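S.K.: Below, each chain spelled out in residue letters.
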Amino acid sequence: DAKTTQPPSMDCAEGRAANLPCNHSTISGNEYVYWYRQIHSQGPQYIIHGLKNNETNEMASLIITEDRKSSTLILPHATLRDTAVYYCIVRGYNTDKLIFGTGTRLQVFP
Amino acid sequence: DTAVSQTPKYLVTQMGNDKSIKCEQNLGHDTMYWYKQDSKKFLKIMFSYNNKELIINETVPNRFSPKSPDKAHLNLHINSLELGDSAVYFCASSQDFGGALLETQYFGPGTRLLVL
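Going line by line, the protein sequences match chains D and L.
If you number the first sequence the way our numbering does, the last residue is 110 and the count never jumps.
If you number the second sequence the way our numbering does, the last residue is 226 and the count never jumps.
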């Protein structure tokens, strides 16, 4: 079972920041937080991952709370093409298994 | 120059038939996976292969048999298809298997299987 809880859906205006929350209160010390997204039934696409420090790449930023029980994915300037289902995944240190939950359906509107 | 490709994109077949889905990756990765996404959009891992060796085998009926002729290919053969096999099947690959590397997985476009 997925170890994460996400809101089922969110809306965001184009050009604004999209902040997607994720709860992972049972995360272990050696487990990473991964984010993937799935655009309209395409294959899932990797976005970012982190352990305890905040991370940023060309797609997004990941903010992990100090107790690591929750995190937020930030799309700084959402576009219509960012409309997708976003999955927050807790991944064990020594496993390749990505256990997908139900994700958050982000709708970016003009 | 698609990184992970799958064929066919759509597959419609009758119950009881045997079918195969093919996956190829040109990323030079060592590990490949099959995932199933059902009608409720739940995405679950089925198998993973590392250097042609089976690593992960989730609770999947033995009608499903993955075959890896080489590192770049992982095919999925399904015998005696059932209505419940209707789903989208995604292939994925990563540079290596787990451990400290925690490699990113790259997914293919999916094969939409409909069993009538």
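FYI, nobody ran anything at the bench for these hints, they're computed from the structure.
Keep in mind that this is a model prediction, so the values were computed, not measured.
Incorrect hints may appear among the rest.
[Claimed, not checked] To give an idea of the chain D side of the interface with chain L (calculated C-beta under 8 Å), a few residues: (1) ILE39; (2) HIS40; (3) SER41; (4) PRO44; (5) TYR46; (6) GLY50; (7) LYS52; (8) PHE109.
Glycine residues also receive a C-beta, built at the ideal position from the N, C-alpha and C atoms.
S.K.: Indicate, hint by hint, whether the structure satisfies it.
M.R.: Hints, one by one, checked against the model:
no., hint, in the structure
1, ILE39, "violated (11 Å)"
2, HIS40, "violated (11 Å)"
3, SER41, "holds (7 Å)"
4, PRO44, "holds (5 Å)"
5, TYR46, "holds (5 Å)"
6, GLY50, "violated (11 Å)"
7, LYS52, "violated (14 Å)"
8, PHE109, "violated (21 Å)"
This entry does not satisfy hints 1, 2, 6, 7, 8, going by the numbered hints stated previously.
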